[in-house]
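Visitor: Given the coordinates of chain A, assemble chains B, C, D, E and F with the ligands onto it according to the supplied hints.
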Amino acid sequence: MSIYLMAAIGLKGGVEVASTGFSTELASAAIAGITLGFTLPILAFFMLRSIGKLGAIDSGAVAAHYGSVSVVTFVTAIELLSNQGMQPDGFMVGVMALMETPAIITGLLLARAYAKKTEAEKGTVDQSGNGSNLLHEVLTNGSVILLLGAFAIGMVAGEAGFEPIKPLFAIGFNGVLCLFLLDMGLIAARRLLQTKKITIPLASLAVLLPIINGSIGTLVGTMIGLDPGSAAILGVLSASASYIAVPAAMRLALPQADPGIYLSMSLGITFPFNIIFGIPLFAAQANFLAPILG
Amino acid sequence: MSIYLMAAIGLKGGVEVASTGFSTELASAAIAGITLGFTLPILAFFMLRSIGKLGAIDSGAVAAHYGSVSVVTFVTAIELLSNQGMQPDGFMVGVMALMETPAIITGLLLARAYAKKTEAEKGTVDQSGNGSNLLHEVLTNGSVILLLGAFAIGMVAGEAGFEPIKPLFAIGFNGVLCLFLLDMGLIAARRLLQTKKITIPLASLAVLLPIINGSIGTLVGTMIGLDPGSAAILGVLSASASYIAVPAAMRLALPQADPGIYLSMSLGITFPFNIIFGIPLFAAQANFLAPILG
Amino acid sequence: MSIYLMAAIGLKGGVEVASTGFSTELASAAIAGITLGFTLPILAFFMLRSIGKLGAIDSGAVAAHYGSVSVVTFVTAIELLSNQGMQPDGFMVGVMALMETPAIITGLLLARAYAKKTEAEKGTVDQSGNGSNLLHEVLTNGSVILLLGAFAIGMVAGEAGFEPIKPLFAIGFNGVLCLFLLDMGLIAARRLLQTKKITIPLASLAVLLPIINGSIGTLVGTMIGLDPGSAAILGVLSASASYIAVPAAMRLALPQADPGIYLSMSLGITFPFNIIFGIPLFAAQANFLAPILG
Amino acid sequence: MVATVQRKRIEILVDTPLVPRIIRLIKEVDISGWSVIKIASGGGRDGRWDHDEVTGAAAKSIILMIANEVKASLFADRIAPLLESHGLLITIGNVEVVRGDRF
Amino acid sequence: MVATVQRKRIEILVDTPLVPRIIRLIKEVDISGWSVIKIASGGGRDGRWDHDEVTGAAAKSIILMIANEVKASLFADRIAPLLESHGLLITIGNVEVVRGDRF
Amino acid sequence: MVATVQRKRIEILVDTPLVPRIIRLIKEVDISGWSVIKIASGGGRDGRWDHDEVTGAAAKSIILMIANEVKASLFADRIAPLLESHGLLITIGNVEVVRGDRF
Ligand SMILES: Nc1ncnc2c1ncn2[C@@H]1O[C@H](COP(=O)(O)O)[C@@H](O)[C@H]1O
Ligand SMILES: Nc1ncnc2c1ncn2[C@@H]1O[C@H](COP(=O)(O)O)[C@@H](O)[C@H]1O
Ligand SMILES: Nc1ncnc2c1ncn2[C@@H]1O[C@H](COP(=O)(O)O)[C@@H](O)[C@H]1O
Ligand code: NA
Ligand code: NA
Ligand code: NA
Chain A
1 MSIYLMAAIG LKGGVEVAST GFSTELASAA IAGITLGFTL PILAFFMLRS IGKLGAIDSG
61 AVAAHYGSVS VVTFVTAIEL LSNQGMQPDG FMVGVMALME TPAIITGLLL ARAYAKKTEA
121 EKGTVDQSGN GSNLLHEVLT NGSVILLLGA FAIGMVAGEA GFEPIKPLFA IGFNGVLCLF
181 LLDMGLIAAR RLLQTKKITI PLASLAVLLP IINGSIGTLV GTMIGLDPGS AAILGVLSAS
241 ASYIAVPAAM RLALPQADPG IYLSMSLGIT FPFNIIFGIP LFAAQANFLA PILG
Chain B
1001 MSIYLMAAIG LKGGVEVAST GFSTELASAA IAGITLGFTL PILAFFMLRS IGKLGAIDSG
1061 AVAAHYGSVS VVTFVTAIEL LSNQGMQPDG FMVGVMALME TPAIITGLLL ARAYAKKTEA
1121 EKGTVDQSGN GSNLLHEVLT NGSVILLLGA FAIGMVAGEA GFEPIKPLFA IGFNGVLCLF
1181 LLDMGLIAAR RLLQTKKITI PLASLAVLLP IINGSIGTLV GTMIGLDPGS AAILGVLSAS
1241 ASYIAVPAAM RLALPQADPG IYLSMSLGIT FPFNIIFGIP LFAAQANFLA PILG
Chain C
2001 MSIYLMAAIG LKGGVEVAST GFSTELASAA IAGITLGFTL PILAFFMLRS IGKLGAIDSG
2061 AVAAHYGSVS VVTFVTAIEL LSNQGMQPDG FMVGVMALME TPAIITGLLL ARAYAKKTEA
2121 EKGTVDQSGN GSNLLHEVLT NGSVILLLGA FAIGMVAGEA GFEPIKPLFA IGFNGVLCLF
2181 LLDMGLIAAR RLLQTKKITI PLASLAVLLP IINGSIGTLV GTMIGLDPGS AAILGVLSAS
2241 ASYIAVPAAM RLALPQADPG IYLSMSLGIT FPFNIIFGIP LFAAQANFLA PILG
Chain D
3001 MVATVQRKRI EILVDTPLVP RIIRLIKEVD ISGWSVIKIA SGGGRDGRWD HDEVTGAAAK
3061 SIILMIANEV KASLFADRIA PLLESHGLLI TIGNVEVVRG DRF
Chain E
4001 MVATVQRKRI EILVDTPLVP RIIRLIKEVD ISGWSVIKIA SGGGRDGRWD HDEVTGAAAK
4061 SIILMIANEV KASLFADRIA PLLESHGLLI TIGNVEVVRG DRF
Chain F
5001 MVATVQRKRI EILVDTPLVP RIIRLIKEVD ISGWSVIKIA SGGGRDGRWD HDEVTGAAAK
5061 SIILMIANEV KASLFADRIA PLLESHGLLI TIGNVEVVRG DRF
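Chains as they are written, first to last, in the working numbering: chain A, 1 to 294; chain B, 1001 to 1294; chain C, 2001 to 2294; chain D, 3001 to 3103; chain E, 4001 to 4103; chain F, 5001 to 5103.
The following block holds chain A by itself, in its conformation from the complex (with noise of 0.2 Å):
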């Protein structure tokens, strides 16, 4: 199911941006968003060192999951705001999959740079195994790769080329994406019942961190010139945090950090409040923001 997901929302996006052709919009969003997906992890770590009262590698794997984006979270997004008559760019897709890395870099220097002596001891034996290989592993994603593929496909075939296969997508879209928030959303209550890792404030930073970066990303994406329906996404793809790449990738680079907590936060309570109250909450910013500055 996930893959028809990514499937059809990469095809769908390189099929608008084949017919709208590249603009100075795309690349200025493009640049938002690897900037975003750097810097929003910094102040992340920094609140949840100090609120969450978290050691400096949980921080820092944390950090690096609101950093990164959520594939569902943005898919529900699009249809949420198609609806509403918002359409975002087509181009949108391909800015969620340039966001996906730059986060764990920034989060996984700020954890190295912050860690403990002993615990940055530890951190040196694994990064033998790290560098280069970690990109490399995180960049060759099965997601993110099929993602891209399905973009570049339908930027190719454009709108003709889509034409026979649409029903497939356009059709059971809706249906296949509710079935999968179901699920999601089994997953999230189940992981938040068993976690006893959760306290108060960072189940508050949970919530905050997403309003907090969603707003900045809603903020910047209005002043680069997006029409609301980008400039929302942007807010939400700030505001989502991963649980697919980021967690393996945390594994693998950061494997001291804590999932429980990781997961608990971005799966358990970001990836719901999302999806209910951040994407109208983007909307709105988004909708107030474009007369005054756009």
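FYI, nobody ran anything at the bench for these hints, they're computed from the structure.
Everything numeric in this text was worked out from a predicted model, so none of it was measured.
Fair warning: there could be bad hints in the mix.
Unchecked claim - Computed Cβ-Cβ distance ranges for the label pairs, DEER-style:
no.	chain 1	residue 1	chain 2	residue 2	range
1	F	R5048	E	P4020	34 to 44 Å
2	D	L3025	B	K1053	31 to 41 Å
3	C	F2288	E	P4020	30 to 40 Å
4	F	V5070	E	L4025	30 to 40 Å
5	F	E5069	A	F277	54 to 64 Å
6	B	R1190	E	Q4006	30 to 40 Å
7	E	N4094	D	E3028	43 to 53 Å
8	C	M2223	B	L1186	34 to 44 Å
9	E	V4070	B	P1201	39 to 49 Å
10	A	E25	C	M2223	54 to 64 Å
11	F	G5044	B	K1053	17 to 27 Å
12	B	T1199	F	L5025	52 to 62 Å
13	D	D3101	E	A4003	47 to 57 Å
As the list claims (entries may be wrong) - Taking beta-carbon pairs under 7 Å as the criterion, some of the chain F residues facing chain A (in silico):
no.	residue
14	R5078
15	S5085
16	H5086
Stated by the list, open to error - Non-contacting residues of chain A with respect to chain F, defined by C-beta distances greater than 10 Å in every case (computed):
no.	residue
17	A189
18	L219
19	L263
20	A290
C-beta atoms are modelled at their ideal positions from N, C-alpha and C, and glycine is treated no differently.
Guide: Leaving out everything else, chains B, C, D, E and F with the ligands in the frame of chain A:
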């Protein structure tokens, strides 16, 4: 695939209840369903002991299967009846969920009451882990929760909320059901071919029990004032035998019962019998009884 | 997903045969298919030995692959040809099923006849378990049964019975096929990158053999009076190489043959070649030959 | 060479519906962890059996545990009553665990 | 402490298409049962290998059996010819089986 | 009776994302092959854990290897540093391998 079927049928049922509202019919159907679930295994138990020559443990296990319900049979019946203009009420989904567990309790009680001394002793050993535990394990069974969850979502969302995801569930439904039946049929055939446990009396009972139970169910349904479609469905539910929830419960609570017997009977014989002969039979009965008793 | 494709194509074929009835065309296509299945591996075998420098065992195994058929290639060809107004006859599904096994027999016989003394000795060891056993195992292969089962159901149900489940199969088909091809393409690419067994002569043969076999198939199809669409399909079947049924059979019957060679050739090179170049090539050939020979 | 300690490798073959009950036992004897592996098919006195996704009723699993000798034998004692009634299969083997002091 | 008996734990790594043939051998030497576990990926002299759902052609499985010493060595003798030709991998280890008299 | 040799059966329980790194180690010490089995669920100090297809982030696997004693202990030395940092679990047992000269 089974997730899809469960979700779809739950949603549809919920949406319908939302548009028709609760009614006395719903209440009486629910009570009738639970009562049938508790009582049907009693008749089955004594027939299995006398005609089928089974021990108390095996008879209790098989009786529990025939008192409970088969979701796939239910779904198929809904489709077939709707196509014939006998659309059953949406709340029958809820009735089905209610009928899933009572038979397990009756079956266990019968098995324990009649098991010979030696058998009973063994039975005691695992009673330690049973009781409320078993009930908990049965009730938190994934498929029941999914079904009721989808039902609840459908009720809350109502007709309007269902609109955007309707295509997936409406269009693909028959096809998925068809594939599923094919798959089930293959499993049933394989099971039947591999088993050596099924004597002629047992095979006859696997046909006789659904006819008796189904006729009782249809009769009860008509007498409490259900429309012919819903009465037929109550018949189908009574006739159908579980092959998911109950076998799992029996492995826990009556491990000495032979899965080769209850699975071969319920999945290998009764399931295809109901799909091919049972559903039209109870539909005809309901149509015949309606003007007399309705 | 592959179940879906198999069932859909089988059903479609069956429905069509039901509406057109049996014909002499059907009979001659069936005979041509079986004959091609038995004979094509002979040419392939000698080319693999002389040009490919493979031993007898590996040559026999690879030849069996090229004499058999690829279901996905077949399905893709059906779709592409239908879109170009060259709708092939429904009975070609049956022809495909018939072409799946003969090549295995020829390949094995060739391997055993030409294997050097030492190789032959090893071969004897497992002949013990072979013969009718192997045939049984190959014929009861899940996918063949599913396909023929769906075909039979389609024939019995006919146009009218197919109506209610048509949407699932008609609408989603192209999309599912598309996803499937994507998936297969990834597998093919990975296999090709990982292998170290493919020499330049072998890679050339993986392109040459489908061209030769496919041209022979198209020619034969046209000569026995098939319409251009069906003749092209016979070409595609001849050109395509198995990567499901035959590899499994070879693991059993010719375990000394190297899977690294036959899977890389059939799945890594011939499969994508046929999808991209083969199908249009044989379609053009069939159109060219039809007025001359037809 | 790196330090190793000797531990017991316990393998329990069980009907999947029973897994939660075994896990309760594992926790009672305070064994540090367990891992569950699915069985795809098998056969025994009851004839051949295949896992199928549809009913799942007959699914079987292997529960794998590493524990020290004391806990292993405590666990074996505790699980013994279930053995006969539920047809479990338990094997206990010796393994060296690298840096395994936490078990 | 609960009674245990010593048995052999036999593990056979095999191409999935070969499984039915091994099972025939198991039945011939009258071993009471077996369990099949799927392998997700692996590597050997032929290079790395991944299970994929599409072709399934290269799928591999592990067949696990508990048997007494006599049957285990009988089985090993019987399967030996297949070893070289089909590239099987068979390991035999010692395990204690709790109340394992039926094997 | 058929000839057997004694070998080590090494089992490594590991987070799935780490598998490629372990495989690199296996190749470095020149062990002839390995097999990966998926774990369906489990539990440890971090509480219970279930494999879910959606995130896959917490997936765990078992890597199984047969090797001779020299290579096994070389491997254990090499993997030791990862043990603590990545929370691996490694067990080494003795098995007889039928016609196992190639390991
Ligand atoms: N004693 C054990 N025996 C078998 N598996 C274990 C054991 N302890 C931990 N595990 C596995 O290792 C995973 C992580 O354990 P832990 O590092 O203790 O949280 C668990 O989810 C189990 O799958
Ligand atoms: N000797 C054995 N070795 C391995 N697995 C076995 C053995 N005997 C039984 N099993 C497994 O246990 C299940 C039930 O066996 P049984 O209780 O004999 O019907 C079988 O389906 C196998 O998966
Ligand atoms: N030493 C080993 N330990 C565990 N599994 C192995 C070993 N050698 C080979 N295998 C498995 O057997 C398959 C075939 O190996 P090979 O015959 O060496 O190509 C591999 O893909 C592995 O899954
Ligand atoms: Na983010
Ligand atoms: Na019933
Ligand atoms: Na061919």
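Visitor: Do the numbers back the hint for S5085 (chain F), that is, is its least Cβ distance to chain A under 7 Å?
Guide: 5 Å, holds
Visitor: When you look at the beta carbon of A290 (chain A), is every beta carbon of chain F farther off than 10 Å?
Guide: Holds, since 35 Å exceeds 10 Å.
Visitor: Honestly, do V5070 (chain F) and L4025 (chain E) meet the 30 to 40 Å range at C-beta?
Guide: About 33 Å separates the Cβ atoms of V5070 (chain F) and L4025 (chain E), which means 30 to 40 Å holds.
Visitor: For E5069 (chain F) and F277 (chain A), compare the CB-CB distance with the range 54 to 64 Å and indicate the outcome.
Guide: 60 Å, holds
Visitor: Grab the minimum beta-carbon distance between L263 (chain A) and chain F and tell me whether it stays above 10 Å.
Guide: For L263 (chain A), whose nearest Cβ neighbour in chain F is about 6 Å away, the distance does not exceed 10 Å, so it is violated.
Visitor: Could you see if the CB distance from M2223 (chain C) to L1186 (chain B) stays within 34 to 44 Å?
Guide: 40 Å, holds
Visitor: Evaluate the given range 17 to 27 Å for the C-beta pair formed by G5044 (chain F) and K1053 (chain B).
Guide: At roughly 49 Å between Cβ atoms, K1053 (chain B) and G5044 (chain F) fall outside 17 to 27 Å, so the hint is violated.
Visitor: Can we confirm that no CB of chain F comes within 10 Å of the CB of A189 (chain A)?
Guide: 12 Å, holds
Visitor: Check the following: the C-beta atoms of R1190 (chain B) and Q4006 (chain E) are separated by a distance inside 30 to 40 Å.
Guide: 37 Å, holds
Visitor: Between N4094 (chain E) and E3028 (chain D), does the beta-carbon spacing fit 43 to 53 Å?
Guide: Taking Cβ atoms as reference, N4094 (chain E) and E3028 (chain D) lie about 28 Å apart, which means the hint is violated.
Visitor: Please test the hint of 30 to 40 Å on the beta carbon pair from F2288 (chain C) and P4020 (chain E).
Guide: Since F2288 (chain C) and P4020 (chain E) have Cβ atoms about 47 Å apart, the given range 30 to 40 Å is violated.
Visitor: Taking the CB of R5048 (chain F) and the CB of P4020 (chain E), does the distance hold inside 34 to 44 Å?
Guide: The hint (34 to 44 Å, Cβ to Cβ) holds, given that R5048 (chain F) and P4020 (chain E) are roughly 37 Å apart.
Checked against the numbered hints listed earlier, the structure breaks hints 3, 7, 11, 13, 14 and 19; every other hint is satisfied.
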